[in-house]
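Enquirer: Now for the letters of each chain:
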Amino acid sequence: MRIRNGRSVFVLLTLCLLGWLSSASALPAFARQTGEACEACHISFPELTPFGRLFKLSGYTLGTTQLFPVSAMAIVSDTRASNTGGNPAFSRNGEPTIEAGSIFAAGRISDHLGLFSQWTYNNITPSTNADGSTRYTGSFAVDNNDIRVVDHIAKQDLDLIYGVSLNNNPTVQDVWNTTPAFGYPYQTSGLAGTWGTSTQYTPLLNGALAHQVAGLSAYAFLNKHWYLELGNYQAAEGLYGILSHDVTISNRLEGTNPYWRFAWNNDWGPHSLSVGTFGMQAHVNTDPTQSGSPTNRYLDQGVDFQYQYLTDPHVITTQWSLIHERVNWDPAAGANNTSDNLDSLQGKVSYWYQRKYGLTLGMFKTSGSTDAAIYTKAATSGGVPDTRGYIVELDYMLQPWWRLGLQYTGYNKYLGTSSNYDGNGRNARDNNITYLYTWLAF
Amino acid sequence: MKIRFALCLIALSAAWQTHAADTGEDLARQWCANCHTVSGNSTQPMFPRLAGQQYDYLLQQLQAFRNKSRHDRAAHDYMWGMTAALDDATIEGLARYFSTQKPEPNPAPVDDALANAGKQLYQNGNPAAGTPACASCHGANAEGTAIAPRLAGQHAEYLTKQLHVFGTNQRPAAVAMQEIIKTLKESDIQAVTAYLQSVR
Numbered sequence: 001m002r003i004r005n006g007r008s009v010f011v012l013l014t015l016c017l018l019g020w021l022s023s024a025s026a027l028p029a030f031a032r033q034t035g036e037a038c039e040a041c042h043i044s045f046p047e048l049t050p051f052g053r054l055f056k057l058s059g060y061t062l063g064t065t066q067l068f069p070v071s072a073m074a075i076v077s078d079t080r081a082s083n084t085g086g087n088p089a090f091s092r093n094g095e096p097t098i099e100a101g102s103i104f105a106a107g108r109i110s111d112h113l114g115l116f117s118q119w120t121y122n123n124i125t126p127s128t129n130a131d132g133s134t135r136y137t138g139s140f141a142v143d144n145n146d147i148r149v150v151d152h153i154a155k156q157d158l159d160l161i162y163g164v165s166l167n168n169n170p171t172v173q174d175v176w177n178t179t180p181a182f183g184y185p186y187q188t189s190g191l192a193g194t195w196g197t198s199t200q201y202t203p204l205l206n207g208a209l210a211h212q213v214a215g216l217s218a219y220a221f222l223n224k225h226w227y228l229e230l231g232n233y234q235a236a237e238g239l240y241g242i243l244s245h246d247v248t249i250s251n252r253l254e255g256t257n258p259y260w261r262f263a264w265n266n267d268w269g270p271h272s273l274s275v276g277t278f279g280m281q282a283h284v285n286t287d288p289t290q291s292g293s294p295t296n297r298y299l300d301q302g303v304d305f306q307y308q309y310l311t312d313p314h315v316i317t318t319q320w321s322l323i324h325e326r327v328n329w330d331p332a333a334g335a336n337n338t339s340d341n342l343d344s345l346q347g348k349v350s351y352w353y354q355r356k357y358g359l360t361l362g363m364f365k366t367s368g369s370t371d372a373a374i375y376t377k378a379a380t381s382g383g384v385p386d387t388r389g390y391i392v393e394l395d396y397m398l399q400p401w402w403r404l405g406l407q408y409t410g411y412n413k414y415l416g417t418s419s420n421y422d423g424n425g426r427n428a429r430d431n432n433i434t435y436l437y438t439w440l441a442f
Numbered sequence: 001m002k003i004r005f006a007l008c009l010i011a012l013s014a015a016w017q018t019h020a021a022d023t024g025e026d027l028a029r030q031w032c033a034n035c036h037t038v039s040g041n042s043t044q045p046m047f048p049r050l051a052g053q054q055y056d057y058l059l060q061q062l063q064a065f066r067n068k069s070r071h072d073r074a075a076h077d078y079m080w081g082m083t084a085a086l087d088d089a090t091i092e093g094l095a096r097y098f099s100t101q102k103p104e105p106n107p108a109p110v111d112d113a114l115a116n117a118g119k120q121l122y123q124n125g126n127p128a129a130g131t132p133a134c135a136s137c138h139g140a141n142a143e144g145t146a147i148a149p150r151l152a153g154q155h156a157e158y159l160t161k162q163l164h165v166f167g168t169n170q171r172p173a174a175v176a177m178q179e180i181i182k183t184l185k186e187s188d189i190q191a192v193t194a195y196l197q198s199v200r
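These protein sequence lines are chains V and C, in that order. Numbered according to our numbering, the first sequence spans residues 1 to 442. Numbered according to our numbering, the second sequence spans residues 1 to 200.
So that you can see chain C by itself, here it is in the shape it has in the complex:
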């Protein structure tokens, strides 16, 4: 009796595989949305915003999580498992989905004076310290370019964490950033990330 009941349940659910999440879009909404939100505009600073991110960058990062080359702690704890079983087609679908979501302004408040100092650094760099203008790669509005990711509206906390990660070997693909981070002081990092979070 009990066994028949259990078998019945399993059979029923096995038969019910109709809309398994196999396109990137279903997966994005059912899984990724649990942390990054359905529109990719997460408000929880631990989870980076993905809306409007550059397609190529998303593709590269998902591959880097899958092959475990991006290996900072949060990548290991959260994203390795997420990507381990994804095939290339699904990764492309996911990158397409999030790159085409509309980025919304980040509602978290920032200190204006800090953000202004950050803007200065972002737009012009700091030749004295050897810091190039971030805008030259990340775009005038930090919207990202073919060679560097979107940073506008990203959580300052997440950006700060990544800049510290660039000081280690945990993101080996980020060759340019590993050099740039050597030129930044802690106060520069605070300022530029505050600015970036506030960019609309």
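Only chain V is shown next, with the shape it has when bound in the complex:
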């Protein structure tokens, strides 16, 4: 394993120190606060159990306040593209790589205030060398943040958890792992992301606003069945600047951008089921550096479904979401159409034995309008963004806080076609990725 620069050594040392300071146990800071094992809240990090959902909805406040509510996480991996075609852009293909390390301040601050604050050192921030190869450096920036003020009314026949979340990534506050921020795949290759061979076009809600926005939303969970949330997002600037700290704004929100979430949940016997809908209306500046510049208007509407079967030793879980997006383009966007649609379907089924051995089968599919001026990377297909494929993942938990995963992502269609999508004979399946990773939390 190579360590590229002094800063990564520093980060590693910090991680080790934190790991040593805190007893190992998925977010270890939460485990220490509640005294619970990781399995009480997680099927396998980050997928939540019914109790994990209630813990999060209660604003991370259950347990005793910790003096030092800090955790750390690191990801080391090896990524192989099925065919690099000798292209130097596929730097570090098949080389062990320290991808990223995060530190978290997470937990209860008082009876009614709790925090989940993640900061990440990305060790593979890409830039392009003169010869077309990719160079990687490290950079530290804000990651997912969710700060909550909550109250819980618990009477014999009324159970109401209600509160407000301040966060920087739409759906990061959600407790069902069907919505994008904590949806499957839980871990993907950072390198493949930098090679430009993963899915190129997905709806805005699918992470395009992550760590660039600040949202305040009010939520209520009634009798452990009905969930309602309404919120508003804005660009993370000024007072909220810290929520986009050191992140380059690529999608700047203008004005008011409502977000909603509604779900029905039922836990009975070993079963847990939820169905819901979520969505957002967003006004995104055509020039991300310019507030007040003309805006493209997005309407993302999603439906989602989750089922979990939880016993000892067998666990089966499945999550599905479908997001339909409609964008009305401002003339400044230079689109061929006045509006475009983009649909994204995502789903997976997992089986876990003893919470130790896991097998997951997943699929993803995006399809949308044909617009050569917007989907510029899909030039060969004349601007068809459609991409679809599947994921097969094997997991082994060495410890509840230490996962070894082998993930294979296959593409059947890429940017509108299965073969020769780039005009140079590259096929969709050439982008297939074998990803071996280890994930650790201290």
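Be a bit skeptical, because a hint or two may be false.
[Said to hold, decoys possible] Derived list of chain C stretches under chain V, where covered just means 3 residues or more per stretch with a C-beta under 8 Å from a C-beta of chain V: (1) 40 to 51; (2) 81 to 89.
[Stated by the list, open to error] Restraint ranges, calculated between C-beta atoms of paired labels, are given here: (3) V/Asp157 with C/Gln123: 34 to 40 Å; (4) V/Trp268 with C/Arg200: 17 to 23 Å; (5) C/Ala89 with V/Asn223: 26 to 32 Å; (6) C/His76 with V/Asn83: 46 to 52 Å; (7) C/Ala84 with V/Thr289: 47 to 53 Å; (8) C/Lys182 with V/Leu222: 47 to 53 Å; (9) C/Ala84 with V/Trp402: 23 to 29 Å; (10) C/Asp112 with V/Trp268: 20 to 26 Å.
[Unchecked claim] Straight-line Cα separation of at most 25 Å, BS3-like style, residue types lysine-lysine; simulated pairs: (11) V/Lys155 with V/Lys224; (12) C/Lys102 with V/Lys155; (13) V/Lys365 with V/Lys413; (14) C/Lys102 with V/Lys224; (15) C/Lys161 with V/Lys356; (16) C/Lys119 with C/Lys68; (17) C/Lys119 with C/Lys185; (18) V/Lys377 with V/Lys413; (19) C/Lys185 with C/Lys102.
Treat the hints as calculated values from the structure; they're not laboratory data. For each residue, glycine too, the CB sits at the ideal point set by N, CA and C.
Given chain V's structure and the hints, the job is docking chain C onto it.
Expert: Then chain C, alone, in the frame of chain V:
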């Protein structure tokens, strides 16, 4: 500006400590209910039913989790943390709360033939194997007594797990059960737990 905002949030929430969950009852509804349900009649077999359980037994078990003497894996994973910071008064409040909840029949289906065999063993024991009648300690309707816990309506899966735990040293307080388990075959365990789950 940012710091003032953060301080403001913290101050606000610190001031809002009015109904902190300090009586056993509030704690039971806000915390314990997340797994055991508010009435103590959980339907998830991983989480034992507590409704109508004997007060003394609840008290002893909560103390055993707190002092970590009950140390099977689920106790360690789920209940140690729950009880670590509880004082005696709160434990008494919790035991009072769950012991006074009304037990409901367990809706999970059981095999009738199996349950009948289990009933036989429960009521009469098996003198040939040296198994005493369970009813002599746990009560004719498995409702529990001053010396042994309620078992009626409890999840068969949980009961089975505990019977296996009695074969280890992970519940040191269960002296009587550690002897009794030596006399039970796997088929006895299946039958008696099926019966107990179905007792109303």
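Enquirer: Of the hints given before, which are not true for this structure?
Expert: Of the numbered hints given earlier, those the structure breaks are 16, 19, listed in rising order.
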